[in-house]
Amino acid sequence: MFFIASSILAAVMAVTVIFVRLKATKKPASLKKIILPPFFMSTGFLMFLFPEFRMAWWEAGEAFLVGCLFSIFLIKTSKFEKRGGEIYLIRSKAFVAILISLFLIRMAMKTYLGHQITYTETSGLFFIVAFGMILPWRIAMYFGYQKALKS
12 MFFIASSILA
22 AVMAVTVIFV
32 RLKATKKPAS
42 LKKIILPPFF
52 MSTGFLMFLF
62 PEFRMAWWEA
72 GEAFLVGCLF
82 SIFLIKTSKF
92 EKRGGEIYLI
102 RSKAFVAILI
112 SLFLIRMAMK
122 TYLGHQITYT
132 ETSGLFFIVA
142 FGMILPWRIA
152 MYFGYQKALK
162 S
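Mapping of the sequence shown onto the working numbering: residues 12 to 162, in sequence order.
Source of the hints: derived by calculation from the structure; they are not laboratory data.
Just to be clear, a hint being listed does not mean it is correct.
[Said to hold, decoys possible] Cross-link-like lysine to any residue pairs, in silico, SDA-like; alpha carbons within 25 Å at most:
no.	residue 1	residue 2
1	Lys43	Val28
2	Lys38	Lys87
3	Lys34	Glu92
4	Lys121	Phe61
5	Lys44	Ile15
6	Lys43	Thr88
7	Lys43	Ala151
8	Lys44	Ala16
Let the sequences and hints guide you as you build the complete structure.
Here's what the structure looks like:
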């Protein structure tokens, strides 16, 4: 039951992220919009205060590295341009397809791992995968924004 509910919630969140990202390309970008999401997301690490969410350090490291690998696709499709004195994120035609593909890969991994480890460990692992995706992506966006500012 938890698996079905969490999968539905993940699908809703994925669709929401797609619409938010597409809408964001219509408004000027700012450093605040780039930097704050990883800080807000980092509060999720509080789940590891509870023993049932904990895992080995090497498992957490692997999850983070998987997220970093996934972030490469997001980094490659996130470019900035200067228009009328403002910096805008350029909408990539591949971005939606990449987000959907990453979502499907994560769901397949979750389905497989969900049968191997507990629900709470799976939740913790995939939080770390998601954080491993967003952190490098936002760091790359920061540098891309700075580069666009100088041009």
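Can you name, in rising order, the numbers of the hints this structure does not satisfy? Per hint list: 5 and 8 violated.
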